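Since the structure of chain A is already known, use the hints to place chain B on it.
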Amino acid sequence: MKSFAYLKPETTVAAADLFSEHNDAKILAGGMTLLPTMKQGLAAPAAIIDLSAVAALREIAFEEGALVIGAMARHYDVAASVLVQTHIPGLALLAGQIGDPQVRHRGTIGGSVANNDPAADYPAAILALDATVVTTRRTVAAAAFFVDMFETALEPGEIVTGFRIPVPEMAAYAKFRSPASRYAIVGVFVAQTAGKVRVAVTGAASSVFRALDVEAALQERFDPDALNRVSMDPSGLNSDIHADRDYRANLVMVMARRAVSAALQNAGQGATKGQ
Amino acid sequence: MKMSKVVAIGASPKRKEDLRFVTGRGNYVADIKRPGMVFGAFLRSPHAHALLGAIDATAARAMPGVVAIYTGEDLKADNVGGLPVGWGIHGKDGNPMKEPPHPPIAHGKVRHVGDAVAFVVAQSVEQARSALEAIEVQYEVLPAVVGVVEALQAGAPTVHDEIPDNLCCDWELGDAAAVEAAFTAAAHVASIELVNNRLIGNPMEPRAAIGEYDFATGQHTLWTTSQFPHVVRFLMGEFVLHIPQHKLRVVAPDVGGGFGVKQFHYAEEAVVTWAAAKLGLPVKWVCERSEGFISDAHGRDHFTEAELALDESGKFLGLRVRTLANMGGYLSTFGPNIPTNLYAPLLSGVYRMPAIHCSVNVVFTNTVPVDAYRGAGRPEATFVLERLVDVAAIEMGIDKRAIRRRNMIPTEAYPYQTPVIVEYDSGDPLGCLDRAEKLADVEGFEQRRLESARRGRYRGLGLSTYVEACGLAPSRLAGSLGARGGLYESATVRVHPTGAVTVLIGTHNHGQGHETTFAQIVSDRLGVPFEDIDIVCGDTAKVQFGMGTYGSRSLVVGGAALSKAADKVILKGRKIAAHQLEADLGDIVFHAGEFSVAGTDRKKKFTEIAGAAYVPFDYPLETLEPGLEEQSFYDPVNFTYPGGAHFAEVEIDPDTGTVTLERYTAVDDVGTIINPMIVEGQLQGGIAQGVGQALFEHGVYDESSGQLLSGSFMDYCMPRADNFPSIVVAPHSTTCTHTPMGVKGCGECGTIGSPAAVINAVVDALQPLGITHVDMPATPNRIWNIIRNSRAALAAE
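Protein sequences appear in the order of chains A and B.
Counting along the first sequence from 1, when you hit position 85 you're at 85 in the working numbering, and nothing is skipped either side.
Each number in the working numbering comes from the position in the second sequence (counting from 1) with 1000 added on.
So here's chain A without its partners, still in its complex pose (with noise of 0.2 angstroms):
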């Protein structure tokens, strides 16, 4: 690792100045991405504008009918929060299943979205609960947001700040790891919002999809049977030596039947906590 500048701002306002003051600057939200590849030397950035001293960050909230959080939070933060596991317990048991509990504790969701890992768990919230992503300047809706690997709509010394979900009818998450890195080969987010059904997929291409048929099927029927004669299209998809494309698409269509049985579970659960 080459050396380099450490700058810890208390404000989003002192970090997007301290960015601007300094060339070739990174931001580091958790630094689950950006230590291990500055570790290997394939990046190399001549200062480090760490945001974790910046404290309003990492509030969570519930704000008409929608979860603020922020980008600071991190993996397990949303994972033990009270308020997500009651609006969103889908969100807190992607978080929870993360990585593992080391990187839980250090890695956070704006960190996570901002780098657009195209096997991060986070895009496919993200997309699928058609949240918008708000930064320093501005604020994005999900879908202008994710551009392609490691690409998204944020120019340069734009910070994510936060997160505003609006809560859905049903959401689940499910995934199926690499058995060696543990990240996802494929992660299916299903998300139903004011009546519209979204499904986005991580892990299968090169950036965070939505399923478009699989969307279709369940908008008409929101269960796992409905999925039954849809198939989803090889072409596009990954293939590397743990998932062929073949492999990658029937665990789209596993993965999303599952995350719908687990999203008509959840709400199950949340009607019966409810009465």
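Do not rely on the hints blindly, as some may be mistaken.
Listed next, the in silico BS3-like pairs over lysine-lysine satisfying Cα-Cα at most 30 angstroms (straight line) [to be verified]: (1) B:Lys-1603 x B:Lys-1575; (2) B:Lys-1033 x A:Lys-39; (3) B:Lys-1568 x B:Lys-1542; (4) B:Lys-1568 x B:Lys-1605; (5) A:Lys-2 x B:Lys-1603; (6) B:Lys-1438 x B:Lys-1400.
Take a look, some chain B residues computed to stay more than 10 angstroms from chain A by CB distance [as the list claims (entries may be wrong)]: (7) Ile-1009; (8) Asp-1618; (9) Leu-1709.
It is worth saying that the hints were derived from the structure and are not from the lab.
For clarity, every value in this text was computed on a predicted model and none was experimentally measured.
We treat Cβ as the ideally placed atom computed from N, Cα and C, and that holds for glycine.
Here is chain B on its own, set in the frame of chain A:
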């Protein structure tokens, strides 16, 4: 308060060494700091096969902190030799194997991704690594070949120009004519074609080495992560650096796991030792994990075709095996011995197999060298045989346990001479199978299978028996098979005047619990409190000699030397006691830590005799020397043959292809057990490694570029705790007839028995689909493809 007491053979005290390990006080090579120490880093080839042109290090030399940069040409110019091979095999035609040079740093040509090209020494690791990036190397990239089948095809790229067919050796064992006759007479022939997947060992501690030179004494010292420091001293001193043995000290301090990966003499050891003498500065190199993937010797990597001939009742008549074994780009220390001498002699398994013939083509490719990895040849043999037996059972409609029982060697038939060199001294395979069958609740399996089926899952039960030849090795036999050195072991028992004991032993402890097991042997034999015994290993300046730890040999050969040295201490003690008690030597008996005159109450404690040994005021010096220190070199008369029966039970999710190991039961015959807790740990760890091979681990090269695709833990899947149920391990021991304590060894049992048990279970689970073989590792993608294709084929019928 800690009670100091005798700990007997058969007890399970907590391991003596663990306190320092779990409290972070271990002393590993990477922890060692020498005055003025500088740091080395290797530039490694990014190409699998390339001609090496000019290397321009001008810019790198000018970088901050850079002390020196060396290339293969520098070593060559200084008369540094190639890395030697410790075992020379001969082909069918009687000719010796092809043994191309293996320079510590490549010159002329690189032969695998990771082949060392240059060595940078700098004031810090960071400076050394930065300088690597500034070295410019001209490569003329050549086509590469990584697969063992492809390497033998006409027109394949040539790894070594002087060996145009890439064939190191065309080796065979057994009676081809007898096998031919058996196949002619056979009522049924079962055949199989299989791959034994390439493995990358990944001990927890990566390799490391420090070289140092003392101008005052002319003494070289190498600290290294080695399983056999004395052998490194000999190989490196004699063949590579031409340093006289008395001027070279090799120290292997605490080592964090070996599994075979650390039982070879590696290039980096020679380079740091050489550079330290050149520079007059201690030079340290610590391997990074990803560097280890492309520079540690790999394991396995066979392609095999095998056939089993049976009569109409399912009795085995003969076995024919043809194996292609990948050696990688160079011969590693024991490379050619593993798929030959440690493989073919095990093909009889625990069965009466009247005729066996095995031919092995040992082949060069553009991959990292392949050598011994836990089990080393014996898991490969077991996998071939036990898969083939299952195939035969399925094809002939015979129960898989019944066909094995029909062919097993009954315990009363031991000693049993196989047709492939080895003679088993003792064993009870039927007893192991009976016990394992009960513990695995085989009777309840059908119920569990139906329960799985109700959930849409396939469930399978797999059985593997095995035998291993361990306790390497009787030197006479090893020598006749091409070993270039003896394979005995040595131990010194040094009794201090207070009765405390230091043992100096030539084996090496890197996770096996030797400090505990060996202390138990001494405590039991001499009646010395457990806490008063220290076991010293791993330093050629302290320990007389040793061949090290591998091949399940430490207890079997090292323990035997220790036992014999303890016997000598007792004999010397009896002489001293006879003098002190004024009795005849023949009347002195030693029991429970006391020397006494038989039939009297006259006696001396061990501590009293130890004290007296060093205060010889009234000794008859012409017949009795002072001191109480004895040494033994033990050369085994035969291999030992642990064996057993393992049951694996798996469940398969057909939607994802995921195989889950649900139950695992192992009954093993390891002979006398010194410490049951340590044996259980060894077996469980070995089983976990074997399951790793069966379900997860796979060293994969890109066929065209020769790049290692599974070059990190992101892609190379190590087994993890959540992949395992509780493993049931139970002993069913017979006593070895020729080792001093009746021990057989247990270090590799688990790894040898488990791959076949797991794959047999996977195939059993998929039986409804007509599957007869699944290659390792049985990954989700592979299983899903098999299920999909079989279902499609069944639907088409």
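Each hint, compared with the structure:
no. : hint                    : verdict
1   : B:Lys-1603 x B:Lys-1575 : holds (13 angstroms)
2   : B:Lys-1033 x A:Lys-39   : holds (23 angstroms)
3   : B:Lys-1568 x B:Lys-1542 : holds (20 angstroms)
4   : B:Lys-1568 x B:Lys-1605 : holds (17 angstroms)
5   : A:Lys-2 x B:Lys-1603    : violated (71 angstroms)
6   : B:Lys-1438 x B:Lys-1400 : holds (16 angstroms)
7   : Ile-1009                : holds (41 angstroms)
8   : Asp-1618                : holds (68 angstroms)
9   : Leu-1709                : violated (5 angstroms)
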